Amino acid sequence: MDPLSSAEAVKVLLATARLTVSPDEFDRLVGVYPLLRAQADGLYMPELESEDPALSFDPTVAHA
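Sequential numbering from 98 applies to the sequence shown in this note's numbering.
Rather than coming from a laboratory, the hints here were simulated on the basis of the structure. There may be inaccurate statements among the hints.
[Claimed, not checked] Label pairs and their computed distance ranges (CB to CB): (1) F154 to P120: 33 to 43 Å; (2) A112 to Q136: 17 to 27 Å; (3) R115 to Q136: 21 to 31 Å; (4) S147 to P120: 40 to 50 Å; (5) V109 to P150: 21 to 31 Å; (6) H160 to L140: 12 to 22 Å; (7) A137 to R115: 19 to 29 Å; (8) A135 to L111: 13 to 23 Å; (9) P143 to S102: 16 to 26 Å.
Everything numeric in this text was worked out from a predicted model, so none of it was measured. Beta carbons: idealized from backbone N, C-alpha and C, even for Gly.
The task is simple: from the sequences and hints, build the whole structure.
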């Protein structure tokens, strides 16, 4: 994602949340936006859409 589209995305997100940030904060948000967006995109797993969500998590149960 190029800096211009990152800046536009951050502007839209801040406007939607009605947040005002300093120019330095804005620059930092623009800098980390591509990484955060990639991480969020990585959470989407279309192959699991037909699966029911887990209602609880037991860390003591091992899964293969």
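Quick rundown of the hints versus the structure:
1. F154 to P120: 33 to 43 Å: Since F154 and P120 have Cβ atoms about 41 Å apart, the given range 33 to 43 Å holds.
2. A112 to Q136: 17 to 27 Å: holds, 22 Å
3. R115 to Q136: 21 to 31 Å: Hint holds: Cβ distance 24 Å, inside 21 to 31 Å.
4. S147 to P120: 40 to 50 Å: Holds: the Cβ-Cβ distance is about 46 Å, inside 40 to 50 Å.
5. V109 to P150: 21 to 31 Å: holds, 29 Å
6. H160 to L140: 12 to 22 Å: Holds: the Cβ-Cβ distance is about 19 Å, inside 12 to 22 Å.
7. A137 to R115: 19 to 29 Å: Taking Cβ atoms as reference, A137 and R115 lie about 21 Å apart, which means the hint holds.
8. A135 to L111: 13 to 23 Å: holds, 20 Å
9. P143 to S102: 16 to 26 Å: holds, 23 Å
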